Amino acid sequence: MGRLDSHSFELLTPFKVRDVLFVSSTYDQFVLEEEGLLGGLMAEQYDRFNLTQPPRIIHVSDADAALALVETRQFDLVITMMRIGDMKVHVFGRKVKKIWKGTPVVLLAYNTRELATLRTGRGIDHIFVWSGDSSILFAISKMVEDKKNLDHDIKVGDVQVMLLVEDSRRFYSTYLPRFYSLLLNQTSRLMYDGFNIHDKILRLRSRAKVLLATSYEEAEELIDKYGNNMIGLFTDGRFPYKGRLTANAGLKLVKEVRKKHKHMPILFQSTEESNKLGAEELGCVFLAKDEANLHASIEEFMQSHMSFGDFNFRSPNGETLATATNLAELRVILETIPEDSLRFHAEQNHFSHWLRTRTEFELAAQLRPKTVGEFSDIEGVRIFIISQISNFLTEQREREVFDFSLDSAKFSVFQKLGKGSLGGKGRGLAFFFTRMQGLGLKEKYPDISIGVPRTMVVATDIFEGFMKGNNLYDLALSDASDEEIAEAFLNAKFDSGQKQMVEQVLEFTKWPLAIRSSSLLEDALHQPFAGVYATYMLPNDHPDLEIRVKQLVRAIKLVYASTFFKKAKAYVAATPNSIEEERMAVVIQELVGTHHGDKFYPTIAGVARSHNHYPVGEIEPEDGLVALALGLGKTVADGERCLRISPAHPKRIHQFASTEMTLKTAQREFWAVRMEKMADLIGTDPNLTMIKSTLDAAESDGQLKHIASTFIAADDRIVDTLARDGPRLITMHGPLKRNSIPLLPILRDILTLLEDALSCPVEIEFAMLNDPDENINKFSLIQLRPLVADLSDVVVDLDEIDKETVILKSSQSLGNGIISKVKDIIYVDPSRLNRMKTRDLVPLITRLNNRLKREKRPYLLIGPGRWGSSDPSLGIPVSWSNISAAVAIVECDMVDIKVEPSQGTHFFQNIVSFQIGYLTVKDSEGGVDFDWLDQYEPEFEQGPLRHIRLETPIRVLLDSRNQTGLVQRPI
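First residue of the sequence shown? That's 74 in the working numbering, and the numbers climb one at a time after it.
It cannot be assumed that every hint is accurate.
Within a straight-line C-alpha distance of at most 30 angstroms, the following computed DSSO-like cross-link-like pairs (lysine-lysine) qualify [what the hints assert, rightly or not]:
1. Lys724 with Lys517
2. Lys174 with Lys349
3. Lys926 with Lys349
4. Lys170 with Lys362
5. Lys707 with Lys724
6. Lys174 with Lys161
7. Lys583 with Lys572
8. Lys332 with Lys349
9. Lys362 with Lys492
10. Lys724 with Lys737
The following label-pair restraints were derived from C-beta to C-beta distances [claimed, not checked]:
11. Gly391 with Asp753: 25 to 35 angstroms
12. Gln577 with Asn760: 22 to 32 angstroms
13. Glu364 with Glu557: 55 to 65 angstroms
14. Thr667 with Val915: 46 to 56 angstroms
15. Gly775 with Ser893: 57 to 67 angstroms
16. Lys639 with Glu435: 43 to 53 angstroms
17. Asn812 with Asp753: 57 to 67 angstroms
18. Pro442 with Arg195: 51 to 61 angstroms
19. Met734 with Lys541: 30 to 40 angstroms
20. Glu998 with Lys541: 53 to 63 angstroms
21. Glu144 with Thr878: 51 to 61 angstroms
22. Ser893 with Lys298: 46 to 56 angstroms
23. Asp92 with Ser388: 36 to 46 angstroms
Worth flagging that the hints you see were computed from the coordinates, not collected in a lab. These figures come from a predicted structure and were not determined experimentally. All C-beta atoms, glycine included, are put in the ideal place defined by N, C-alpha and C.
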């Protein structure tokens, strides 16, 4: 790079993104900003790279409001997401450009599926996919600046160029933030090697520009124009050439480049190994796109082939006495700082000035009008400032997420350890926590304490440091067994400072803990990874702090390890994501409950959804669904017996329609945390620290008075009292019949508020403590996630189907459209099934699934009872990884027992996430034509399990409007 004089330096990068309009739902805004403002996140990126003047970001929640704002002022950049009201995004983009010609409009979306029919050039300049890293906003703004400044900066400063040729939106959306990070980190490091600030800013301003091309013609034009300034080319193998996707477009491009630029570093990326030889012959470094360490290899290529502040307390003569890096430290130091120092700073308004630079405007405004002369002595000044700061911190404690510190550990409800992302679960919790004060729940339910449990999130950067510091990626991404991976992770070490922080957490936490996964992809919109990773419950009751620390550290390591267990890998493999892209945060959360001898559990736990996929009778889908249980929520999550009800219709409990049905479906057992002061370190089985107890134990603990009823056999009836002898049944009669606690109204309000904020149906997990005798009423939200719903608008007319061609028909189905390429059927005949031996079928089904998956043969899965049930007598206890190649799943009646559909479990949520067709078939509506299936010679048969392969595909038809579906024979 040539040396620039000061004048030339000032002329570089004349265009800067100063004002950004961000258009999205309030939840989409929150997902990108985590717990801070979007402008604050952008400012952090600028500060990280020693850049100045970060853009101002203005957020509006719909297209109409955005256009009204654009009419009044010009923006340098408009970023929009898909959900912006009734207006389509490309229509919005065109209207923006009609008002201000040339304004860049960028679409930011969650996945590529929702963009399948959307292209650039229709009001949208660029399309990006967000995969959990908010630095994409920084990359977008820098890319827009680079594009507009390039010609000028080359002319003035001969700046260099990097070109990425890639048509996959998901890939270039992850590449660009990495490019900018590497470029700016490299430049920033020069300062620490002796460069002064002038040189540093010069380097930053004159860094290489990054360009993106999504077709051969775009790339060719950019290379022809900027080739002499190009320091690196990154190209895909297959991308559009002359308007058509062309397999050898990458090689064709490289050949043309090599004619003029023989030594240009080129990284050739492709999913097709057949390109490797040709690429290497042309002097390229070849990388397979599906290799596990792709991103690390890209960074290695770039490295190998292409070359605000603290408050310092001072004495009047300038001696530094103490330093505060945050408000909590400032408050503590103020208690002991000498009077002359306090007077020196107060008289010169140093405190309010420092607060303003930290954007603490409210607190600064409270201090600034006051003068030292207004107080009788300097101690009055001290008391006033400390009081104002303390009050401010108390308000923050109830509404803000704190970065972890020893001081914040004492008082904060929600803390974050690390600088990375909070992950899926952490995001949802933080969103509710930071918005809770504005929801009006406290005012509406003054007698109920509503909130989230005390929480600390170990952010994703700690995970990355742990993985890299212990060299775990090679093993984790290999085919090693779960046991081998778990052992390696348990033997790995945390940074000593991080372990010390964990110890500090436990010094102030003497309550049982839940250690939950919170990955970047988990609970994300469109593809939530519900129930894929591990959760561990810790009693946290041993008197020896060191033992409790070891147990907590071990649990965190096992959650990390579960990221790479076979079940997780199988799940990720069925998505557009890569396991290498996954980053794991960990939620350390105080459990909600009370001690009862050797057990700890809440009065009520459950799951609530704002949308009910299976409304019955007069119940509407929008009425939602709630599943309630005594004890830990594991009962609901694992699909065990619990109470399912519409919160809008609390007296219509269909599963309790008769005494017989109540006896069959009511909860009889519950889960609790085992409180035995165990010194043994936890094992890999999450259930080891939990215990399953009977209702007799809960009655002895005094927990059944308002939620259990009694079966009177002599009268064949159930009474809502414990004064009679007989089997106890969990019926929740207190909150449902007498409204002893307003549980369902609270749930209705929360679901409505959150659905509006997320702009989609939602699901929450919660726990409730209720003891009227002790005046304890506490509602805690434990998790929040988007509820994936099928939004397809395909119309299927089931009435036009010839009934003679129907294999099965369902009046309760999920999904919409036609699945037409299925020739394989795996089914279990209920008439030949021994319900006590369903576990024996799991390994057989797994082998069939894996073989069909390898052969890329989608199949229809049919079986009696509830797929994925943790109770093997109610269905076949498979996990998602056992049936991940199925494209449609059918649950039919068992011969001797009626089983509710598998709604309310993590397993079912995952089926919905992958848009798998789901049908419930009743014998009373015709059942399954097993005679037709049995006429085919099996590819495999053992006991009641058969696999048949047809020459002509069947069709699965699903109508989401009427929630009906059927499977049709080959025509």
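Outcome of the hint check:
1. Lys724 with Lys517: OK: Lys724 and Lys517 at ~23 angstroms, within 30 angstroms.
2. Lys174 with Lys349: The given pair, whose Cα atoms are some 44 angstroms apart, is violated under the 30 angstroms limit.
3. Lys926 with Lys349: Status holds; Cα separation ~26 angstroms.
4. Lys170 with Lys362: Violated, at about 36 angstroms.
5. Lys707 with Lys724: 25 angstroms, holds
6. Lys174 with Lys161: Distance ~19 angstroms between Lys174 and Lys161 Cα, so the pair holds.
7. Lys583 with Lys572: Status holds; Cα separation ~17 angstroms.
8. Lys332 with Lys349: The given pair, whose Cα atoms are some 20 angstroms apart, holds under the 30 angstroms limit.
9. Lys362 with Lys492: Within the cut-off at roughly 28 angstroms; holds.
10. Lys724 with Lys737: 19 angstroms, holds
11. Gly391 with Asp753: 25 to 35 angstroms: The hint (25 to 35 angstroms, Cβ to Cβ) is violated, given that Gly391 and Asp753 are roughly 58 angstroms apart.
12. Gln577 with Asn760: 22 to 32 angstroms: Given about 29 angstroms between the Cβ atoms, the range holds.
13. Glu364 with Glu557: 55 to 65 angstroms: 21 angstroms, violated
14. Thr667 with Val915: 46 to 56 angstroms: Hint violated: Cβ distance 37 angstroms, outside 46 to 56 angstroms.
15. Gly775 with Ser893: 57 to 67 angstroms: Cβ of Gly775 to Cβ of Ser893: about 58 angstroms, so the range 57 to 67 angstroms holds.
16. Lys639 with Glu435: 43 to 53 angstroms: Holds, at about 51 angstroms.
17. Asn812 with Asp753: 57 to 67 angstroms: Violated, at about 44 angstroms.
18. Pro442 with Arg195: 51 to 61 angstroms: 54 angstroms, holds
19. Met734 with Lys541: 30 to 40 angstroms: 55 angstroms, violated
20. Glu998 with Lys541: 53 to 63 angstroms: 56 angstroms, holds
21. Glu144 with Thr878: 51 to 61 angstroms: 57 angstroms, holds
22. Ser893 with Lys298: 46 to 56 angstroms: 47 angstroms, holds
23. Asp92 with Ser388: 36 to 46 angstroms: Hint holds: Cβ distance 44 angstroms, inside 36 to 46 angstroms.
The structure is inconsistent with the numbered hints 2, 4, 11, 13, 14, 17, 19, although it conforms to all the rest.
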